[in-house]
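Student: Top to bottom, those sequences are chains A and B. Here UniProt numbering is used: the first residue of the first sequence is 1, the next is one more, and so on. Here UniProt numbering is used: the first residue of the second sequence is 1, the next is one more, and so on.
A portion of the hints provided could be inaccurate.
[What the hints assert, rightly or not] Calculated pairs, DSS-like style, for lysine-lysine (alpha carbon to alpha carbon, straight line, at most 30 Å):
#1 A/Lys-232 with B/Lys-270
#2 B/Lys-143 with A/Lys-128
#3 A/Lys-313 with A/Lys-172
#4 A/Lys-172 with A/Lys-143
#5 A/Lys-232 with A/Lys-313
#6 A/Lys-128 with B/Lys-128
#7 A/Lys-172 with A/Lys-270
#8 A/Lys-143 with B/Lys-128
#9 A/Lys-270 with B/Lys-232
#10 B/Lys-179 with B/Lys-232
#11 A/Lys-313 with A/Lys-179
#12 A/Lys-128 with A/Lys-143
#13 B/Lys-191 with B/Lys-128
Hints listed in this document are in silico derivations from the structure and should not be mistaken for laboratory results.
Protein chains: 2
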Amino acid sequence: MPKPQQASERVAVVGASMTQFGQREGWIMDLLAEAGIECLEDAGVDASDVEHLYVSNMASGEFEGMTGVPNALVHDLDAMPAYTQRVDQTSSSGGAGIYAAWQSIASGASDMTLLVGGEKMSHRSTPKTTDIIASVTHPVEYKTGVTLPSFAGLTARHYLERFDAPRESLGKVAVKNHKNGVDNPHAQFQKEVDLETILESPIVADPLRLYDFCPITDGSAALMFCPESVAKEYTDEYVIIAGVDGATDTHVVHEREDPTVMGGVVESGKGAYEMSGYGPDDIDVAELHDMFTILEFLQMEGLGFAEQGEAWKLIEEGYTERDTGELPVNTSGGLKSKGHPLGASGIAQGVEIYEQLIGEAGPRQVDADIGLACNVGGFGNCVITTIMEAAQ
Amino acid sequence: MPKPQQASERVAVVGASMTQFGQREGWIMDLLAEAGIECLEDAGVDASDVEHLYVSNMASGEFEGMTGVPNALVHDLDAMPAYTQRVDQTSSSGGAGIYAAWQSIASGASDMTLLVGGEKMSHRSTPKTTDIIASVTHPVEYKTGVTLPSFAGLTARHYLERFDAPRESLGKVAVKNHKNGVDNPHAQFQKEVDLETILESPIVADPLRLYDFCPITDGSAALMFCPESVAKEYTDEYVIIAGVDGATDTHVVHEREDPTVMGGVVESGKGAYEMSGYGPDDIDVAELHDMFTILEFLQMEGLGFAEQGEAWKLIEEGYTERDTGELPVNTSGGLKSKGHPLGASGIAQGVEIYEQLIGEAGPRQVDADIGLACNVGGFGNCVITTIMEAAQ
Chain A
1 MPKPQQASER
11 VAVVGASMTQ
21 FGQREGWIMD
31 LLAEAGIECL
41 EDAGVDASDV
51 EHLYVSNMAS
61 GEFEGMTGVP
71 NALVHDLDAM
81 PAYTQRVDQT
91 SSSGGAGIYA
101 AWQSIASGAS
111 DMTLLVGGEK
121 MSHRSTPKTT
131 DIIASVTHPV
141 EYKTGVTLPS
151 FAGLTARHYL
161 ERFDAPRESL
171 GKVAVKNHKN
181 GVDNPHAQFQ
191 KEVDLETILE
201 SPIVADPLRL
211 YDFCPITDGS
221 AALMFCPESV
231 AKEYTDEYVI
241 IAGVDGATDT
251 HVVHEREDPT
261 VMGGVVESGK
271 GAYEMSGYGP
281 DDIDVAELHD
291 MFTILEFLQM
301 EGLGFAEQGE
311 AWKLIEEGYT
321 ERDTGELPVN
331 TSGGLKSKGH
341 PLGASGIAQG
351 VEIYEQLIGE
361 AGPRQVDADI
371 GLACNVGGFG
381 NCVITTIMEA
391 AQ
Chain B
1 MPKPQQASER
11 VAVVGASMTQ
21 FGQREGWIMD
31 LLAEAGIECL
41 EDAGVDASDV
51 EHLYVSNMAS
61 GEFEGMTGVP
71 NALVHDLDAM
81 PAYTQRVDQT
91 SSSGGAGIYA
101 AWQSIASGAS
111 DMTLLVGGEK
121 MSHRSTPKTT
131 DIIASVTHPV
141 EYKTGVTLPS
151 FAGLTARHYL
161 ERFDAPRESL
171 GKVAVKNHKN
181 GVDNPHAQFQ
191 KEVDLETILE
201 SPIVADPLRL
211 YDFCPITDGS
221 AALMFCPESV
231 AKEYTDEYVI
241 IAGVDGATDT
251 HVVHEREDPT
261 VMGGVVESGK
271 GAYEMSGYGP
281 DDIDVAELHD
291 MFTILEFLQM
301 EGLGFAEQGE
311 AWKLIEEGYT
321 ERDTGELPVN
331 TSGGLKSKGH
341 PLGASGIAQG
351 VEIYEQLIGE
361 AGPRQVDADI
371 GLACNVGGFG
381 NCVITTIMEA
391 AQ
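All chains, full assembly: derive it from the sequences and hints.
Tutor: Below you can see the structure in the form of structure tokens.
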């Protein structure tokens, strides 16, 4: 759906932060507070000036037996009486938080909205964590024992066979994103991985192997939103949310007509492009949701960066390389090397685009005025696409 | 915080529904779908015209091991590619959903937003359910074994002693709300309870007894939101969201200066009054969050319907009676007799006010043009107040 912006002025991002991603001590509340405090400092905003505080988190109750986390965070940041709520859209909770924060500003409900997202997962066993995540699937599929990695394996096999793509092309997504992650001090894995290691790693869901998957991660990230007129009071270096939209696809994955097309990616991308007035060719840098390597291809295609069945050629050509490619993808390291703390990931994508657009991405810096982030919930069950541009 | 409405036009409610509340068969998804379908029919809106679909739910993962419920609901209602997310604000998730839906329309992000909320709780044991709800408390209080009923007992004792209020006045809240619930075909308890029964029921948290508490409930409720110009295309009988605001108080309850003042009630009420231009004297009917009888008094006072320490006199005077009082409170039966399925309750409050304002409350009908709903999260940790008015 096109989303014409009715609000009288544009929504700006004036601060960003993320914690170290990886295996972390502490509760979810500690991680959220860490990112929240750092974002307040980065934006130069007093906690008492925050009017809304949204928390992106999928499953603090399931992982830690703790609910009401947004209320606790407002208290811990001394931001009372700021209004707060939890935004849950499974693994796209962060992107959903961006959309919610945008709405809070664009509607006039808030003039300063702090968005903090995070997840604490690594203290649970891998089977337990996988089961909590698998609980997003439809009961008719969940009861068969299917998990998100199973969907990924089935889709990857179909893609490789149908489009005559080499298995190596998927591995090259992991090579690229790990290489980018080396320069991200917050990434869970700051080390390169070569193609041979990837192709010889243990099979998880054939044809996908261990290195085709993102890790289990603890971490938090934050962004600060306000109307553009307010942003100008704080800084000259801010970013505008030029377009944002979210869309669903069938919740029962096997009902989709074409398993290589993620309808939520296509529809949310369309909405974000339409709202912003930009198209795929205008995007200078993108963060895509590479929870599994195959997903980077499906988003490249769904967002119009490649024709259907041809994204694999672009990775082979180096089109998405950070320093030499036409469209650098996942300069942050992506979920693959940065890690994937569910509620934080979509926000961390936004943090990377924000830093790229204001020129603070350090050794990861590319030349970019317009960036895109695509955050995928479940196996494309709901997707949020955000387009940001540097302030003029 | 005052929330001036920047949007070019007002936000309308054009449809409402609620399921039978009580012990229900089926999953949360079944309950949500039931209310969602009925709300689409009530509003005369096609599922394909829904642009955003928000789901208010606190704990489907904890109660049922099921997440991603909003995505499943969009699928089951055949509303793809409508954007969806879960709104969690503990026991005020429904009120938070109203605020989120308002923001989605006022920001221009959506021209038709379906809000559905619900909870499925009764299949779990009372200790387990109480523990899931108690997980909203701050860890420093949770670890002492405190639960929401404990807070209620402590506060009630303090209130009765400090303001020299008779124990009977609390019982009369239950008598009134049960009496109102008799005429609500969706209420969990459709039967009167006399004062003697209440005062002799088992002690739960001294001085509060069994009948001072709302029950554990399954159920769902829904509301349909759109811009006023769109509402006119569907119906002449719609309601306007005149004011809405949310606010937090300390998450650690024992840090509050005055345990009889709920800061979240006061602040959210102030914001909603300011946005609407109305004050306490303008309100014709109110739904207050009577999870515990004492809460009705605290909200009466926090919202300016009574002076501090004097709400108990109003119940003694019959001021809040449905058919004879100046300000009918909880005409629906309140959480006390209608039941309290966490994610549904705030929306069900909105359903009651909507029906009162368009004159469809049947035997519960009062004379009202302006109504207020106050939805309390945790023990006042976050509160959302909404003021609705009948369309002119």
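Student: Next, verify each hint and record whether it holds.
Tutor: Verification of the hints:
1. A/Lys-232 with B/Lys-270: With a Cα-Cα distance of about 29 Å, the restraint between A/Lys-232 and B/Lys-270 holds, given a limit of 30 Å.
2. B/Lys-143 with A/Lys-128: Since the Cα atoms of B/Lys-143 and A/Lys-128 sit roughly 24 Å apart, the hinted pair holds (cutoff 30 Å).
3. A/Lys-313 with A/Lys-172: Roughly 11 Å separates the two Cα atoms, so the pair holds.
4. A/Lys-172 with A/Lys-143: violated (34 Å)
5. A/Lys-232 with A/Lys-313: Since the Cα atoms of A/Lys-232 and A/Lys-313 sit roughly 43 Å apart, the hinted pair is violated (cutoff 30 Å).
6. A/Lys-128 with B/Lys-128: holds (20 Å)
7. A/Lys-172 with A/Lys-270: The given pair, whose Cα atoms are some 28 Å apart, holds under the 30 Å limit.
8. A/Lys-143 with B/Lys-128: holds (24 Å)
9. A/Lys-270 with B/Lys-232: holds (29 Å)
10. B/Lys-179 with B/Lys-232: With Cα atoms ~36 Å apart, B/Lys-179 and B/Lys-232 exceed 30 Å; violated.
11. A/Lys-313 with A/Lys-179: With a Cα-Cα distance of about 19 Å, the restraint between A/Lys-313 and A/Lys-179 holds, given a limit of 30 Å.
12. A/Lys-128 with A/Lys-143: holds (16 Å)
13. B/Lys-191 with B/Lys-128: Holds: B/Lys-191 and B/Lys-128 sit about 27 Å apart, inside 30 Å.
The structure shown violates the earlier hints numbered 4, 5 and 10.
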